[in-house]
Amino acid sequence: MDDFIISMKNVSMNYHTVDGETKAIDGVTFDVNQGELLGIVGPSGCGKSTILSLIAGLLKPSSGEIFLDGKVSYMLQKDYLLAWRTILQNALLGLEIQKKLTAENKKNVINMLMKYGLGDFLNHYPNQLSGGMRQRVALIRTLAVGPDILLLDEPFSALDYQTRLAIADEVWKIIKQEEKTALFVTHDISEAISMSDRILVLSKRPGRVIKIHKIITSGEQGPLNRRKAPEFRDYFNEIWKELDVHV
Amino acid sequence: MYEAELSKNISKEHEEYLKKVRQINISIRISQIIILIAFFGLWEIAGDLKWIDPFILSQPSRMWSTFIQLFRTGNLIYHIYVTMYETIIGFLLGTVLGTVIAVILWWSDYICRVLDPYLVVLNSLPKTALGPIFIVWMGNGQAAIITMALAISLIVTIISVLNGFKEVDDDEIKLLKTFGASRYQILQKVVFPSSIPTMVSALKINIGLSWVGVITGEFLVSKAGLGFLIVYGGQIFKLDMVMTSVLILSILAALMYIGVSYLEKYFLRWKLS
Ligand SMILES: Nc1ncnc2c1ncn2[C@@H]1O[C@H](COP(=O)(O)OP(=O)(O)OP(=O)(O)O)[C@@H](O)[C@H]1O
Ligand SMILES: [Mg+2]
Numbered sequence: 001m002d003d004f005i006i007s008m009k010n011v012s013m014n015y016h017t018v019d020g021e022t023k024a025i026d027g028v029t030f031d032v033n034q035g036e037l038l039g040i041v042g043p044s045g046c047g048k049s050t051i052l053s054l055i056a057g058l059l060k061p062s063s064g065e066i067f068l069d070g071k072v073s074y075m076l077q078k079d080y081l082l083a084w085r086t087i088l089q090n091a092l093l094g095l096e097i098q099k100k101l102t103a104e105n106k107k108n109v110i111n112m113l114m115k116y117g118l119g120d121f122l123n124h125y126p127n128q129l130s131g132g133m134r135q136r137v138a139l140i141r142t143l144a145v146g147p148d149i150l151l152l153d154e155p156f157s158a159l160d161y162q163t164r165l166a167i168a169d170e171v172w173k174i175i176k177q178e179e180k181t182a183l184f185v186t187h188d189i190s191e192a193i194s195m196s197d198r199i200l201v202l203s204k205r206p207g208r209v210i211k212i213h214k215i216i217t218s219g220e221q222g223p224l225n226r227r228k229a230p231e232f233r234d235y236f237n238e239i240w241k242e243l244d245v246h247v
Numbered sequence: 001m002y003e004a005e006l007s008k009n010i011s012k013e014h015e016e017y018l019k020k021v022r023q024i025n026i027s028i029r030i031s032q033i034i035i036l037i038a039f040f041g042l043w044e045i046a047g048d049l050k051w052i053d054p055f056i057l058s059q060p061s062r063m064w065s066t067f068i069q070l071f072r073t074g075n076l077i078y079h080i081y082v083t084m085y086e087t088i089i090g091f092l093l094g095t096v097l098g099t100v101i102a103v104i105l106w107w108s109d110y111i112c113r114v115l116d117p118y119l120v121v122l123n124s125l126p127k128t129a130l131g132p133i134f135i136v137w138m139g140n141g142q143a144a145i146i147t148m149a150l151a152i153s154l155i156v157t158i159i160s161v162l163n164g165f166k167e168v169d170d171d172e173i174k175l176l177k178t179f180g181a182s183r184y185q186i187l188q189k190v191v192f193p194s195s196i197p198t199m200v201s202a203l204k205i206n207i208g209l210s211w212v213g214v215i216t217g218e219f220l221v222s223k224a225g226l227g228f229l230i231v232y233g234g235q236i237f238k239l240d241m242v243m244t245s246v247l248i249l250s251i252l253a254a255l256m257y258i259g260v261s262y263l264e265k266y267f268l269r270w271k272l273s
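Read top to bottom, the protein sequences are chains A and B.
First residue of the first sequence? That's 1 in the numbering used here, and the numbers climb one at a time after it.
First residue of the second sequence? That's 1 in the numbering used here, and the numbers climb one at a time after it.
No lab work stands behind these hints, which were simulated from the structure alone.
Where is the CB? At the ideal position from N, CA and C, for every residue including glycine.
Treat the hints with care, since some could be wrong.
Unchecked claim - Examples of chain A residues lying across from chain B (beta carbon under 7 Å, computed):
1) Ala56
2) Leu76
3) Tyr80
Go ahead and model the full structure; you've got the sequences and the hints to work with.
Set out below in structure tokens:
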């Protein structure tokens, strides 16, 4: 599996509570290549967050195997900035926990914050920031620990549509620029197509892999450009049908 | 940042608004002072005009002269010192011990669940009933009084701090786990700071409870302190002494409460901005 940075082999996960057992995912198999951006779509509750938590090592699979070749950093479904910490302190949280808070790392984080428009807010508290700014801080916090693999769980769900498009574009550029591998979960088929190199489509719970699409569009790359590509609609219709959405 | 921008060039309208806010604040303060003066003034007059019996209900002027007299001849400062000392020690012990035990219970869910019924029973037990027992165990002195204060505040502290710990957002804990945090780091970086508001309100309740414990203890031990003065004054029918001590007590309690409020403002400054 030379090039694979993540490899899931026949992974199943059951949650146990006193009330019973929930089969969240069932026999999920897929690989992720170095430098790839893999989108995961699927109906609500089909186990998308579960897959990310498994890869991050927060959960142990009930069966199957997971191979990882690199350091993982996980951005949760919401930004969860700690209210009593300033923006800079929040961005440094991961480094602090991993005891890697060197002067150089700190300077890096400050540079990143400045680069992404947060330079004036280093000493502000999270409740003084807009949703988009908070999301960026959370992303920088995730990047700060220097991961090879990013796990992003609906990273844009808290944003309004306009901001969402803009931030998605920005995040895509950051990931490609920094040459990271990323898995990102979304409910939004368009968003998945616009950002991903490949898309993993999951079935209803218990989540199984229905299909993996390789997304290739003509013209310029990047989320905003991709939305204008002629192939966009075809991918959309295909995935829409697979998800079999009933209203 | 918005406020900073505003304050640089205040508009007429905003100036009016600020002025109104200030006026209301001042008028509230004035009303509070008027009530205070009226209360003591009326009390004094009622005593002078024999509407009430100053022998039973005392009178501000009599309290003042009692105060001076106690101050000169009755070791008032010593009694205040004794009570303050006991209260502060009881308060600190209750807070620190209660927090430490809460941390242990948070750390081990198992211990927490094992001890839960005992906490419930101890919490509902009227701790003053234990007073005589403490005196037998620890002798008729300050140790018993401080233990009394501790007994009254400890269980409440444990329960309220632990509840604060448990209310911490699970997802914030998960966030720390994504960075591989240890349980100690979770405690230090999320659980503790995010329960500071609960802990501060626990402190505020604790101060009141420590006073209750100390005064009850002094009633029983009857050697020194404001509680002793109150009991003693009652026994020799010197209601002036009782009232004076009560008044001093309420002023001291208020001062300590204000102190904690300042601490609260300091710790919660991120909430205000
Ligand atoms: N800690 C848990 N204990 C028990 N069941 C759980 C737990 N976490 C998730 N589940 C269940 O497992 C299933 C998959 O959950 P998961 O959060 O992975 O779904 P998801 O695809 O991320 O959903 P969404 O799109 O709503 O975020 C759900 O049915 C959920 O109820
Ligand atoms: Mg989810």
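Here is what the structure says about each hint:
Using the Cβ-Cβ criterion of 7 Å, the hint placing Ala56 of chain A at the interface with chain B is satisfied: the shortest such distance is roughly 6 Å. Interface hint at Leu76 of chain A: satisfied, since its Cβ lies 6 Å from the closest Cβ of chain B, which is below the 7 Å cut-off. A cut of 7 Å between beta carbons decides the hint on Tyr80 of chain A: the least distance to chain B is about 5 Å, and the hint holds.
In the structure shown, no violation is registered for any of the earlier numbered hints.
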